Amino acid sequence: MLLNVFYPVCNANITQHLDFNSNWDIGCVAQFIAIGIFTDNENIFNQGINYFKTGAGNGAIAQAVTFILPGNLGQGQEAGRDQDHNMDDIAHLGAIGAMTWNQGVDLYGYANNRIFAISEYTAKGNLVQPCTNGAYYTAPYSTYLYQEYGQFVKNWYVFSTDYIGYTNPCWASIFNHYQNVKGIAAPYTRMMMESIAPDGNTNTIFGFQTLTYTLNDIPSGAPPSNLVGYLYGGNVMLSWWGTAYATSYNVSRSISPSGPFSTIATGIVDPLTFKKLLLIQRFTEVVL
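Using this note's numbering, the first residue of the sequence shown is number -12, and each one after it goes up by one.
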């Protein structure tokens, strides 16, 4: 049934897709990987891997996570549509990461942890800030131009408030891998996970991730990672992934890789960014 009924439907969608939103394609990528594993079919398994990395549709990770914004936050292709569909993407990507990891393929870490980037971004935008009488965190947003069915164009200008605060049971798998396996701080994914724990399921997502993915807390975090810098109007904007259990970050600079170094920023908490006219050459000092 998997090979003769389900696989042909998704294969036709992937090869002849009509510019669908990302959850259609990502769901098919997850299906390829699952069917490939279950039937021991390496070709179908690799079809899913290859499409995830280089596919033409919105199920490829570069299109599913359309923009990487300051703080390494990943704006999802459907973030401007509504949060229900946006979280479907998180669920599919988490399943893809888990299945491939168990087969010795690290898609969690692909493209600088791009799955993690969309998880933190989406979780942040759907969480209420403490002590604000119900105000949600602000999720940065870059205007997205979208052609659907090859016929017309949509512009999504803001992070959609449709279904904002929706609770899809898709967070525990991502949190436990990035924080409790890799040692990367996952504050917003964690808050979203804990807000619905123990989770159940929905009519589209299997869920039960509290039961199936919870790991012991990692003893200590990994060093800060994925330090990237972009030039914005003459300024260098740095962003990085945090480390589990850190409370703040300092930035140091030097004209030489061997030092000496001087601290130029302290107490950075959120977002994990630093902007300076001078070129920063070293990032140091985690305050625990």
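Honestly, the hints are just simulated from the structure, not real lab data.
Predicted model, so just to flag it, every value in this text is computed and none were measured.
Mixed in with the good hints there might be a few duds.
Said to hold, decoys possible - Below, simulated SDA-like cross-link-like pairs (lysine to any residue); rule was C-alpha separation at most 20 angstroms, straight line:
1) Lys263 x Ile192
2) Lys141 x Tyr123
3) Lys40 x Gln116
4) Lys141 x Lys40
5) Lys262 x Ile192
6) Lys141 x Gly152
7) Lys141 x Thr154
8) Lys40 x Asp6
Stated by the list, open to error - Derived Cβ-Cβ restraints for the label pairs, each shown as a range:
9) Trp88 x Thr148: 28 to 36 angstroms
10) Ser245 x Asn188: 17 to 25 angstroms
11) Gln50 x Thr148: 17 to 25 angstroms
12) Leu(-10) x Ser245: 24 to 32 angstroms
13) Ser182 x Ser129: 36 to 44 angstroms
14) Leu(-10) x Asp93: 43 to 51 angstroms
Built from N, CA and C at the ideal position, the CB exists for glycine as well.
Supplied distance hint 28 to 36 angstroms, evaluated on CB atoms of Trp88 and Thr148: holds, 34 angstroms
Restraint status (C-alpha distance of Lys141 to Gly152 at most 20 angstroms): Distance ~24 angstroms between Lys141 and Gly152 Cα, so the pair is violated.
For the pair Gln50 and Thr148, does the Cβ-Cβ distance stay inside 17 to 25 angstroms? holds, 23 angstroms
CB of Leu(-10) to CB of Ser245, is that within 24 to 32 angstroms? Violated: the Cβ-Cβ distance is about 58 angstroms, outside 24 to 32 angstroms.
Decide if the proposed pair is consistent with the structure: Lys263 and Ile192, CA atoms, cutoff 20 angstroms inclusive. With a Cα-Cα distance of about 43 angstroms, the restraint between Lys263 and Ile192 is violated, given a limit of 20 angstroms.
Regarding Leu(-10) and Asp93, is the given constraint of 43 to 51 angstroms on their beta-carbon distance met? Given range 43 to 51 angstroms: violated, Cβ gap about 27 angstroms.
That 36 to 44 angstroms hint for Ser182 and Ser129 (C-beta), does it hold up? Since Ser182 and Ser129 have Cβ atoms about 27 angstroms apart, the given range 36 to 44 angstroms is violated.
Would you check the hint for Lys141 and Tyr123, treating anything up to 20 angstroms between C-alpha atoms as holding? This hinted pair is violated, its Cα atoms lying about 25 angstroms apart.
Are the Cα atoms of Lys262 and Ile192 separated by 20 angstroms or less? violated, 40 angstroms
CA of Lys40 to CA of Gln116, is that 20 angstroms or under? With a Cα-Cα distance of about 35 angstroms, the restraint between Lys40 and Gln116 is violated, given a limit of 20 angstroms.
Note whether the CB distance of Ser245 and Asn188 lies within 17 to 25 angstroms or breaks it. violated, 54 angstroms
Between the alpha carbons of Lys141 and Thr154, is the straight-line distance 20 angstroms or under? violated, 26 angstroms
Figure legend: structure checked against the earlier numbered hints; hints not met, in rising order: 1, 2, 3, 4, 5, 6, 7, 10, 12, 13, 14.
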